[in-house]
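S.K.: Spelled out, the chains give:
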Amino acid sequence: MTGLSIRLPRAKKHRFQAVTALLCVVFLLAVFIYTFLYLQHDPTLTDLDHRLLEPTLQHPLGTDQLGRDVLTRLLLGGQQTLGFSLLALMIALLIGVPFGIISGYKRGLVDRVFMRIGDAFLSFPDTIVAIVLSGLMGPGIGNLVLAIVLVKWVSYARLVRSTVLSESQKDYVLIARINGLSSRKIMRKHLLPHVVGHVLVLASLDLGKIILLISAFSYIGLGAQPPMPEWGAMLNDSRPYFGSRPELMIYPGLAIVGVVLLTNMLGDYLRDRFDVKKEVR
Amino acid sequence: MSLLVVENLMKTFPGGKNALNNLSFQLGRGECLGLVGESGCGKSTLARCLLRIESVDSGSIYLNDLAIERLNERQLYSHRKKIQIVFQNPTAALNPKLKIKESIFEPYEQYRKELTLNHFSYTSKDAFIRQLLEAVELPSHVANQYPHELSGGQKQRVTIARSISIEPDLIVLDEPTASLDVISQGAVLTLLTELRETLNLSYLFISHDLAAVKQMSQRIMVMKEGEIVDQFNQEHLFSTERHPYTKELISIF
Amino acid sequence: MILSLEQVSIGTREKKIVDNVSLSIREGEWYALVGQSGSGKSLLSQAIGRMLSPNLQVEGKIFFKDQDLLSLSPKEIRAIRGQRLSYIFQDYQGSFTPFRTIGQHFGEYLKTHGNRDSSIRKAKTIEALESVGLDESVYKRYPFQLSGGQLQRVSIALALLLSPDLIIADEMTTALDSVSGHRVLELLAKRQQETGCTILFITHDWRHVRRYATRIAVMKEGKIVESGGKHRILDHPQHEYTKQLIQAAPILQRGLPSGLEEVGSL
Chain A
1 MTGLSIRLPR AKKHRFQAVT ALLCVVFLLA VFIYTFLYLQ HDPTLTDLDH
51 RLLEPTLQHP LGTDQLGRDV LTRLLLGGQQ TLGFSLLALM IALLIGVPFG
101 IISGYKRGLV DRVFMRIGDA FLSFPDTIVA IVLSGLMGPG IGNLVLAIVL
151 VKWVSYARLV RSTVLSESQK DYVLIARING LSSRKIMRKH LLPHVVGHVL
201 VLASLDLGKI ILLISAFSYI GLGAQPPMPE WGAMLNDSRP YFGSRPELMI
251 YPGLAIVGVV LLTNMLGDYL RDRFDVKKEV R
Chain B
1001 MSLLVVENLM KTFPGGKNAL NNLSFQLGRG ECLGLVGESG CGKSTLARCL
1051 LRIESVDSGS IYLNDLAIER LNERQLYSHR KKIQIVFQNP TAALNPKLKI
1101 KESIFEPYEQ YRKELTLNHF SYTSKDAFIR QLLEAVELPS HVANQYPHEL
1151 SGGQKQRVTI ARSISIEPDL IVLDEPTASL DVISQGAVLT LLTELRETLN
1201 LSYLFISHDL AAVKQMSQRI MVMKEGEIVD QFNQEHLFST ERHPYTKELI
1251 SIF
Chain C
2001 MILSLEQVSI GTREKKIVDN VSLSIREGEW YALVGQSGSG KSLLSQAIGR
2051 MLSPNLQVEG KIFFKDQDLL SLSPKEIRAI RGQRLSYIFQ DYQGSFTPFR
2101 TIGQHFGEYL KTHGNRDSSI RKAKTIEALE SVGLDESVYK RYPFQLSGGQ
2151 LQRVSIALAL LLSPDLIIAD EMTTALDSVS GHRVLELLAK RQQETGCTIL
2201 FITHDWRHVR RYATRIAVMK EGKIVESGGK HRILDHPQHE YTKQLIQAAP
2251 ILQRGLPSGL EEVGSL
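Sequence lines, in order, name chains A, B and C.
The working numbering puts the first residue of the first sequence at 1, with every later residue one more than the last.
The working numbering puts the first residue of the second sequence at 1001, with every later residue one more than the last.
The working numbering puts the first residue of the third sequence at 2001, with every later residue one more than the last.
Be careful, since some hints might not be right.
Said to hold, decoys possible - 20 Å max Cα-Cα, derived EDC-like pairs, lysine to aspartate or glutamate:
#, chain 1, residue 1, chain 2, residue 2
1, A, Lys185, B, Glu1102
2, B, Lys1081, B, Glu1069
3, C, Lys2015, B, Glu1069
Keep in mind that the hints were calculated from the coordinates and are not lab data.
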C-alpha cells in the first residue's frame, strides 16, 4: 500500500514547486479550519429524502447515499485524514527523536538496549501490526494511529542515532563536556539542531505514506468507523453507486492523490534543501 | 609555587600507541611550557589526562595543589573552569549550527555564577562577546556569523576567544596551528603570546613544530614514545648536550 | 623544458580563480609552488593532468614536452597520466581504497598499464616497496593498518612505479607531522636523484621545500607574484607577500632561510 506513494522526478531547483505545495497545504489547512468553525451541514446527519442529489447551490458537490452533504464530508474527512496522520507522525517523532539522540550520545549499554528494542518493533511490517491490533482491540482510527506510531518511531530513532553517533565524536561536543554542560544540555543544544533537517525530510516523505495507509485501512473498514467522515471510508461507502454517481468516488480519490502529491513535493524540496552539503571552500 | 605538577604519570592503551610512561614535570604560573613530539608519542594523551577526559593508570596531576585525578564529579566541575583546551582542528571544535557568539559564550554561560573576571567585564552578552572578539583581533560582526563563513585562522581565533572567556589558570594548546596555513600560523602564535602577557595566562603548548615551540616557550620538553627524553631552556637548544632525538628534530627545521 | 604553462587561466563562468599563470619547469628539477590555501595552486596542478571538475574552464596552453595537454583526447591524456605524469596527494587515506590491500593497488595499476603477468607484477611491486624502505609485509596490508608516513611512502612508490617524467606532489606533507613529513621528503629527494624525474611540489609552507627545491614560485590569489631560484626568493624576496610568507614561518637554524650560510658568517 505504501508502494502507491508518488515519486516526482528530482528536479534541481524546485523552490517554485515547494512554495506552491506549501501554499496549497496552508490553503487546505485554512479550509479545514474554516469548515470546522463554520459548519453549514452536519456531516453525519442522514436525510434519506435528499440522497444522491445532483450538485445544487446548497450542496455544491451533491449528497451521498444517506443524504449527507459531500463537500462537508470531504473537507471534514480531510481534517480527519490529515489530522490523524500528523498526530501519528508527531507521536512517532516525540518518541523516536529523543530515543535516537540518547542512544547515539550515550552509546554502550544504553545504545545496545535501545536499538534491540527498536529492532523488535521494526521486525513487523506496519500493515501487519495494524491488522493485528484491530483484530485484538477492535477496528478504529485510534488503533491505526497506534500501529503507525509503533512501527514508524524506530526509523526516526535510527536516523537520528546515526547522525548523532558521528556528530558526537567531534571536538565541539568534547569541549562542551569539558565546560561542564550536562548531557541533557549537550543533546539539546549541540545535537538536536543537527538532526532536525534530516528528520523533517523523512517526516514529510512519510506523511504521504501515512495518509495512504490510513485511507487504505479505512477503505477496508479497519480505520475510521462510520459515521465519521474519512476519505478512504468515503471511497468504500460510495462503491455501490459507482455506476450512477461515479463522482462520489472520484472526489475523495482526487483528494487523496492531491494531498499525497503535495507532501511528496514538499519532502523532495526539503531533501534537496538539507541533504545537499553546503559548499565549504 | 607551580601551577601544574605532574608526577610519575602512567597510561597505557591496548596496542601500545599514545601511551605515557612515567611522566613528571612542572609548569609555573604565567609560563608557556613547550612540549614537542611526533604524532603518536602521547602528547595528546597527556592533554586529555590533564582535562580528565581520559583517566590515568597511576601517578598524580596537581593543579593549584589539587590532585585532579581524585576529584569527585562536583569538584571536577569547578576544576574544569580553571583549565581550557584549544584543539588542532577549529572546524571540528565549533558547532556548525551555532552562531559564533553562541559558541564563544558557552563556557561563561555555564560558569558565570562562580566566576569573577579580572580583565573582561560582563555587562551584557553582546558587549562581552565584543570584548572577546576584540581581544583575538576579530571584527565584531563575526559574532552573528556561522563557522563556515570564516577562514581556518579566524575559526581558530574564535576557539581561542572561547577558551580565554572564563580567564582560566591554564590553557592546553594541542597543536593549535597544525591545520592552518603558514601566514595564519604566524599570526595565531603572535596573538597567543600577546594574550598570555596581557591576561597573565599559563600555557602548555603542544606541537610537532620545534620552530614554533621555540618562538612561544621559554622552557621546552621533548617527548618520544611516552617519555620526556630532553628538557631545556630555549637558549640551550643548540647546545651539544642535547639528546640525539632533539638534534634530529633540530635538523628538520 | 619538460612542462611549460602559457597564460593559463582557470575559472567558472562567473569568476576567475587562476589568472593568467605562466611558468616553465626544467628537466630534473624540483620546482616548488608556494601559496596559501585558496590561492589556486591545487587547481593549477589538477589542470595539468586534466583532472579538474567539468564546471571549471581552462584557457591557455599547457605543454608537456612538445604536446599541448589541453588539446589531447581523453584517451591520450589517460595514457600520459600515470605513465609519464603522476600525482601524490595530501589526503593519504583518500588516495587508497580502504578495502583493498596495498598489493592489490599496485597490481591493478600495473595491469591497467599493460602488465599481464601476475608474478612479474608482484615482483615489481615488492621491488617498488623496497625502494621506499618498506618491507614485503606491507604487500598484504590494508591502508588503515599503515601510518600516515608509511602511506605517503607507498604513494611515492606508486607514483614512481612506471618511471614517469614528472611527479606532481600536492601538499603531500601537510597532513603529516613535521618529523614524518621530513622523512618522507628526504625519501622523495633520494628517489629523485636515483630516477632523475622532475618534481612539481605544491605546498603552503616554504620550509618544507627549502632544502630540496631548485626553483620556487609564489602564488597569491590566482597569480604568480614572484618566481626564481630558491636562494633568490628565500634570501632576497622582492615582493611584499613573499616577505610575509617567509616571516610568518620561523626556522631554527642560523644562516639564511634557503639554508645557505651567510657570506662571511663563518
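S.K.: Are the hints correct? Go through all of them and say.
M.R.: Verification of the hints:
no.	hint	in the structure
1	A:Lys185 - B:Glu1102	14 Å, holds
2	B:Lys1081 - B:Glu1069	16 Å, holds
3	C:Lys2015 - B:Glu1069	56 Å, violated
In summary, the structure is inconsistent with hint 3 from the numbered list given earlier, while agreeing with all the others.
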